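Here the structure of chain A is known, so what remains is to put chains B, C, D, E and F with the ligands in place on it, guided by the hints.
Going line by line, the protein sequences match chains A, B, C, D, E and F.
Here my numbering is used: the first residue of the first sequence is 1, the next is one more, and so on.
Here my numbering is used: the first residue of the second sequence is 1, the next is one more, and so on.
Here my numbering is used: the first residue of the third sequence is 1, the next is one more, and so on.
Here my numbering is used: the first residue of the fourth sequence is 1, the next is one more, and so on.
Here my numbering is used: the first residue of the fifth sequence is 1, the next is one more, and so on.
Here my numbering is used: the first residue of the sixth sequence is 1, the next is one more, and so on.
Because the hints were derived from the structure by calculation, they are not lab data.
Keep in mind that the hints are not guaranteed to be accurate.
[Claimed, not checked] Each computed BS3-like pair below joins lysine-lysine, with the alpha-carbon atoms no more than 25 Å apart:
| hint | chain 1 | residue 1 | chain 2 | residue 2 |
| --- | --- | --- | --- | --- |
| 1 | D | K292 | D | K437 |
| 2 | A | K61 | D | K726 |
| 3 | B | K29 | C | K88 |
| 4 | B | K31 | C | K88 |
| 5 | E | K512 | D | K726 |
[Unchecked claim] Here are some of the chain F residues that sit facing chain D, going by a computed Cβ distance under 7 Å:
| hint | residue |
| --- | --- |
| 6 | I2 |
| 7 | G14 |
| 8 | L21 |
| 9 | T26 |
| 10 | R33 |
| 11 | V73 |
| 12 | S74 |
| 13 | V76 |
| 14 | L83 |
| 15 | I87 |
Remember, it's a predicted structure, so these values are computed and weren't measured experimentally.
Heads up, the beta-carbon is just placed ideally off N, CA and C, and yes, glycines get one too.
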Amino acid sequence: MEALFASAVGVLTAAGIFLILRRRTFPVILGLSLLTYAVNAFLFATGRLALNAPPVLNNYKEVAYTDPLPQALVLTAIVISFGMTAVIVMIALSAYLSSKTDHIDLPLAEEAGEDE
Amino acid sequence: MQYLFELLIAFFLIVSGIFGFVGSFGMIKLKDPMSRLHAPTKATTLGVGGVLLASIFHSILLEQHVSLHELLITLFLFLTAPITALFIAKWHIHRHETPENLPDAGEDELWATHAVEQDEDVPDHTAT
Amino acid sequence: MKLLRRIFPHPHLTVLLTLVWQLLANEPSLNSLLFGLLLGIVIPFITQPYWPDRPKLHNWPMVVEYILVVLWDIIMANITVARIILFKRDEDREPNWICVPLELRTPEAITVLAGTITMTPGTVSCDLSAQGHNLLVHCLDAPDPDAVRDQIKSRYERRLKEIFE
Amino acid sequence: MSLFLIAALPFLGAVFPALLIRAGRNAAASAAGLTSFLALVGLLINAPAVMRGELVTARFDWIPLLGLNTNFMLDGLGLLFASLILGIGLLIILYARFYLSREDPMGQFYTYLLLFQGAMVGIVLSDNILLLLIFWELTSLSSFLLIGYWKHLPAGRQGARMALAVTGSGGLAMIGGMLILGNIVGSYDLSVILQNKELIQASPFYLPALILILLGCFTKSAQFPFHFWLPHAMAAPTPVSAYLHSATMVKAGLFLMARMWPVLAGTPEWFYIVATTGLVTMVIGAAIALFKDDLKALLAFSTVSHLGLITMLLGFGTKIAAVAAVFHIINHATFKAALFMTAGIVDHEAHTRDIKRLGGLRHLMPVTFTIALIAALSMAGLPPLNGFLSKEMMLEETVHTVWNGSHLLVPGLALIGALFSAAYSFRYIAHVFLGPKRDDYPAHPHDPGVGMWLAPAFLVVLVVAIGFFSKAIAGPLVAIASTAVIGGDKLPYYSLKLWHGFTPALYMSIAATIGGLILLALHRHAERLWNAAPRPEAKVIFDAVIGAATWASRTLSDTLHNGVISRYAAIMVAFTVGLGYYAYSTGTIGVPTRVPLPATIIPIIGWICLVGATVAIMYFHRNRLLSLVLIGVVGLIVSMAFNYLSAPDLALTQISVEVVTMILLLLSLNFMPTVTPVDSTNARKVRDAVISVFAGLGAGGLIYALMLRDFALPTISDFHLANSYKGGGGTNVVNVILVDFRGFDTFGEIIVLGIAALVIFALTESVLGTKVRAYLLNRKPHWPQSGDAHPLMMVVATRVMMPIALMVGAYIFFRGHNQPGGGFIAGLVVAIAYLMQYMASGYTWAIERQRFYYHGSIGWGVLIAAATGVGAWFNERPFLTSDFGYIHWPPLEEFEWATAILFDTGVFLAVLGAVMLALDSLSRFAWQPGMVQEHAMDINPQRDDPPEPEDEQEREEA
Amino acid sequence: MNHWIIAPIVLPAILAPFIIMVLRHHLDLQRVFSVAGSVGLLAIAATLLAQASTGEIQTYELGNWPAPFGIVLVLDRLSALMVGLTAMLALPVVLYAIGSGWDTRGQHFHALFQFQLMGVTGAFLTGDAFNLFVFFEVLLIASYGLMTHGGGAVRLKAGVQYVTFNLLGSTLFLFALGTLYAVTGTLNMADLAVRVAEIPPEDTALLRVGAVLLLLVFAIKAAVLPLHFWLPASYANAPLPVAALFAIMTKVGAYSILRVYTLIFGPDVATTEGLVGDWLLPAAMLTLAVGAIGILGARQIGRLAAFGAIASMGTLLIAVSLFTPEATAAALYYTAHSTFAAALLFLIADMVMERRGGAIIPQSPMAQTGLIASIFFVSAIAMAGMPPLSGFVGKLLVMDAARHVDHYATIWAVILGGSFVTIVGLARAGSLIFWKSHDPAYVQAEVVNEEPEEAPAPAAPEPYPGLAFASVFVLVAGLAALTIFAGPATKYTGGIAAQLFAPQDYITAVLKGEKE
Amino acid sequence: MITYALYFTFACFGAAIMMCLWRIITAEGVGTRVLALDTMVINTIALLILYGLNLGTEIFFESAMIIAMLGFVSTVAYARFMLRGNIIE
Ligand code: NA
Ligand code: NA
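This is chain A alone, in the form it adopts within the complex (with noise of 0.2 Å):
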């Protein structure tokens, strides 16, 4: 199961930095999703993985529970990216609107700074 775990976000990130090199604004954000669902992965796996243990205390029954913390942090975590994501995409789109292209790269303006 671990091995499985670990190679998914392996498998997540990977893709998720390759998107993140393409030059366009939308494979970018596409490779940000995918690296946002690995990091997730990742934080909620600091906990170690369980299963049957959700941290819901039970007060019919000992049970074991899995770390909640982790948990805690992934919720915020994905809270926050949630918002970032929305907010680059908003300004990638304006970009594109404005600029009519939706090419990430940004080549120096060609002003011409004359030397004496």
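This is chains B, C, D, E and F with the ligands only, laid out in the frame that chain A set:
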């Protein structure tokens, strides 16, 4: 009695398993996109419905705990499956069917999906 | 009466929502009943403007009948479809479009009819005609399209007409 | 007067000219002059004490931590220089008042001049080498302003930049040297450093310190090979040149060498570096000066030469040579300032400084001629003028100097230098003032008003007076200054008089004078030779160097920061992976302590789906819509994995966020290309793939290693599990952590979300306010649109589902504290319910029926959350302290109340508002005029056909 | 319980929503409240500085949960200083934004500004590693809004890059925090410090990875080479008053490095030996070099200022990377200097931009050339570390503190060389922009340099130019005060350094001795 | 008995999910892919309920319900995008 209950639940489970399988298998097996639509909308929905029923029975009959909330999910699925199918069908009509291919729409002349004034020089479908 | 109308703009909905809350809470109690009722009153206030022209249901026994008929048909439909998918060769199938002229005019009724068609034997509602007088249905395997259309009209549309109009 | 005040006066005074210039040029000049005068008076008040051999000090601890303290001291050397700076400064202020024209902003000029004067005074009074450095660099900066005073002249700008670059960089080197010196001695106070000759000269860091400090001195004093900036600084107005290059700035280097002489001099390193540099500079400067046609250039190179002379004397390292150096400093200041002023007068009157266009001026400008004649003869080293005295001393010293075994090298070269020196001095007279009167001067020259010639005249009087009465006039000053230079030791025997008998120096003087006359006679031929000889043009080289440096910097900088973010990111990822691996490999790791969970069929299927979808995204990523569908699969599987691995809250949140994100992306994709074109080469793809694979291996490997080991120490979440119910009143520990234990995180989180929505809104406003609006109105859809935008069935289904969805939202919200759920997910669910209504019934139709405002929802959400936090203050508890309890109202069952619910309400409202505002903003991009939607459904037979009578009444009510 | 500690976070957190909800359509009131908020922040910061100066470390346990289980805010000398700097920077910047009319060129400027302040002060005050992440995100997302304020194609494209790179950074932050938590089982920084010291040898490899990843996160914020690439385009294309405010954001990175790598992974912690200084020092030197080279090579004044910011971060981080009390004291003094100097340069750059466009080429003179030129000269002096301003003092402090380090000669050479190149570059730029404009040859030509990609329809230019200049003078005065009172200032930073290098006090204050 | 029935049903829905994945990757039009995704979501709900049944817990109920609701919304969004381009108009 217990045995009968278990049998009933097992039956529901197996039947829904089969329907669930059929629903997705149909999507693989059937060739034309419109026919593919039939399988998941019906079989899968029923399959899930069966599982939910099994779950309800399980809690009522075996755990003596009235738990009907799975009904809500069933309700959702039955409410939404036709809409999903409608949209996929509309996509297909829009994308692959011309008014001539379809049966006559009677006094309304056109089916709703085709009833639209198109802008000039809109590019052809590329990504769908 | 007017006051009551104000408080319960959608009495049916209030009941439905209270019921839904019971289902959700999954543990019947006075607390949850009252709370469900509270929400059942508040939420329709919020959603009321989104549902103008609500139809009235005329025939409650027919509602029950209709539900039972449809449930039965759904099960049968699925067995039919499963057979077609699993055992019929794709080439032997005769998929077909049919046009169902509608007598129903109420959107809610049309919706229920279309939904029913989709959930039952080998048919999927695909589109309305441009003014909403016909329903386009696709059949998975319909050597005789007219029979399908007649069954739809007689089995479902008739009952719905009684319920809604 | 306190040394503080003397040092501060010029700076204080610098304010007035700029302010007073509106009151007139005289007011500005008077203010400047008065300040200088006051400072000079203050200095002279202290003079008697210094003459008595006392050390006047003023100390204030400025930055004790650094050892940078405002400590001033006044000794003989300081007195000499300060007097020169302030005295000549006063004369320059007078001179400039008449020199500058009406168009020149005089207020600025005096401000700059006083700033410069203050910096110079600071240098010579400093008793702290760090303080000295500050003033040192200040002279560079203020001279930059002075030299570039005539902004409209390219020469002025370039000269200023060149001076700043050279002297500034020398100053920087000197910082290093001074720090080393301070490090060796353990103090930055000069008075301490000067006591530690042995310590310093024994230190292994002596040579680096020496070189660095000398770099500062040489650049400032225009020593070869750093001499080239000085002539270009002549682009400044003449008063500036006269001031900077006779008495002050260039002498700062000499001052410092003299100042450090007690601890740095006397070693072979010192001798060979300083004396040689001085000697070479003296000869080369003199030679170049002879062939300059610009009066000021001639004087500039003569200055270079004389500075070389003084440097050489200091370099000899003998006490008597130091005395000679001090004496020549005084003499040079007098005759050179006078000469600069005469050059300025000529320029001012004849409107040219080109020697080739001048000649015969003695008839037209007798006063100027007289002044120039005396000063030039002094510069040539002719008796009975002061220049002769110090030059004699210099020549005498060279005779006794052995350079690497050679007895003749130094005196020989010194003779050549003196010869050229005499030659250019004669030329200054002969080719400008003597000869026939010309009739092609650019202007008609005549002697200027007394205001302009008074200052040089005064200096010339000094030149003569010192020549005749050297002992009386200059003697005491030379004595105390020399004493200071040689570190307070007893002065050697010397005599300041015209006649020493037939010494080698006398013969050399005679030879130099005769040779100079011959050279002048042969000038025309020599000049031809000179012009034919190849010689590096300093300005060209400097420009080329700076130009090349700028070009190289620009190329390097622009290449590094070329705006290709994918490269930046690639570097970052590669660097991170590399460093992470390094950190890992240099640590130790134990064997796994946890038994892995079994991998059953369901997780394997999930894994296949996830990896399959991810790989498919890689493959199909150019088809953007398809990528979104595939991302949906990934999101679904991740969410299911959370469920499977005991994190139901995460699963809920993940899937909700997933859907909203997807909708945002779809909304934006409507306006963007749906296909990503190919624009990476295969090599790039391979590079990216390699980096990505390593990153993936890193992340996967790291989490794998972590998962197989238990916590090294017990985790703090045990506390959370134990106290969730007891202290937080909830059984869903994750939710209690979110709203209670770590509620502050959540507070920040909703603010992030709120800001995100605000940003999106603000951007929408910005973008729609531009021509983008027009583009959007005219844009074509990606592909043909279908009819029936709002299908009847969808509308009806939504009407049924919306109340139920809201109910579910309420359920999720209220359950959250004890079961999976909470305000955040509830907010998303409710938002999605509204969104569904938008999608089904259309934006304009739905928005008309909207009952709440997004901004308000966000604001209230944050405020309620904050208020919940602040509420605890009134309970004498910290921010966000929660409270809960149980209420029992019969016949109801007991139920719980918790302030956490209030906090969660804030979360709910903020999330709802934020999501809606974001979606709403994006939706506005598609807005078209006339998009007023009367009905929710496009097709509605009930509406289009005549309705049945019984329905009519009801519809009206609704 | 000292509620002052949380005041700098709560004040903007309440003010911003108030501005959004109540004052959305009242620009003047927004301005009044925004300025009032900044003044209030200044007052709070002053209180905190006074409280911290006693040397007592105070904590604030949010939700009344004891550390390390809940989140805790910590007020020590360092956090007080940083909050103080933020407040001192915020006021002139907001005044400038009002004076220049920048706040009218888009929506929600003041709300975002307040949120930005909240994020920054929160980051300085928190004593919890994950909470630090949250505040990083708050300040970042607010900065995204401020950076793209006013729109315009180039700015938006630069915005995409800025956001992308920072999202990578945020992701890395989570990887790092996850790793640290997975090994140590805690998030509280004091508790981390305690546990890191107790980590068994079998876990050091993983802990080291966490430590180094965290360092990289902060290095991105602090714009350390080779993670600095995001900065030039972002700052140069941001509204320049916003870039001025961002002068404090790079400091957040430097602050975090100082905090984490003195408290948790301090120089004496064997587990993480050789991870920080070993590469941070050379990287910082290269940062300075790249910044200086960028200044010399810049074609555009905004970019010049951005490289100035990078160069000053280089100097600052050289001092940080030495991890000695003397060097840290120097670094903190330099932090204060560099915050004001970078902000000043950006504001002046904005004045130039607004009047004649940002290209470093001669053009006809602009309005108020003389005044602007003088201030540019001052800011250049500050940026280049020339006397008499605090930059020189700061530079001397850094160099003096480096005396006892092995590579001191290299460090000195880099700092001095960097200063030299900076001087040449700034002199070149100033001469071209301010002096050459007086050259008749160029005035005649009057090449109207069209800015092809400018912000759409700049609103009414400079509604209150006096206010804009006043705010610039406030920064100049700040630099002057920092110079004149360098003695007390260095004493205070020395006190901070002493506190930082005695982490036990911090740990005891936070954990109340429970964990000992 | 229930256990074995559960295994069988697990297997059926597991296979169904794989087939959906196959369809998503190999289909020629986005419409079919969206349909496959929708089906996959529904199958996932089934798996979730089954898993809950297997463990005897109701903890997954909220998840299943939300997935049912949101799966629908996203399918509609995709479809509207393909039909109209603008999903909120
Ligand atoms: Na930053
Ligand atoms: Na900075």
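Here is how each hint holds up against the structure:
Pair hint K292 (chain D) plus K437 (chain D) holds up; C-alpha atoms about 21 Å apart against a cutoff of 25 Å. With a C-alpha separation of about 17 Å, the suggested pairing of K61 (chain A) with K726 (chain D) holds against the 25 Å cut-off. Of the supplied pair hints, the one linking K29 (chain B) and K88 (chain C) holds, its CA atoms being roughly 11 Å apart against a limit of 25 Å. With a C-alpha separation of about 13 Å, the suggested pairing of K31 (chain B) with K88 (chain C) holds against the 25 Å cut-off.
Distance check on the hinted pair: K512 (chain E) and K726 (chain D) sit about 23 Å apart at the alpha-carbon level, within 25 Å; holds. The criterion of a C-beta within 7 Å of any C-beta in chain D is not met by I2 (chain F), whose closest approach is roughly 17 Å, and the hint is violated. For G14 (chain F), the interface hint holds, the least distance from its beta-carbon to any beta-carbon of chain D being 5 Å, beneath 7 Å. Below 7 Å, beta-carbon pairs count as interface contacts, and L21 (chain F) has one with chain D at about 5 Å; its hint therefore holds.
At its closest, the beta carbon of T26 (chain F) sits 10 Å from a beta carbon of chain D; the interface hint therefore is violated under the 7 Å criterion. Taking 7 Å as the C-beta contact cut-off toward chain D, the hint placing R33 (chain F) at the interface holds, the least distance being around 5 Å. Taking 7 Å as the C-beta cut-off, the interface hint given for V73 (chain F) holds, the closest approach to chain D being about 6 Å. The closest approach between the C-beta of S74 (chain F) and any C-beta of chain D is roughly 5 Å, which is under the 7 Å cut-off, so the hint is satisfied.
Given hint, V76 (chain F) at the interface with chain D, holds; its Cβ is 6 Å from that chain's nearest Cβ, closer than 7 Å. Taking 7 Å as the C-beta contact cut-off toward chain D, the hint placing L83 (chain F) at the interface holds, the least distance being around 4 Å. A cut of 7 Å between beta carbons decides the hint on I87 (chain F): the least distance to chain D is about 5 Å, and the hint holds.
Violated hints for the displayed structure, listed by number in ascending order: 6 and 9.
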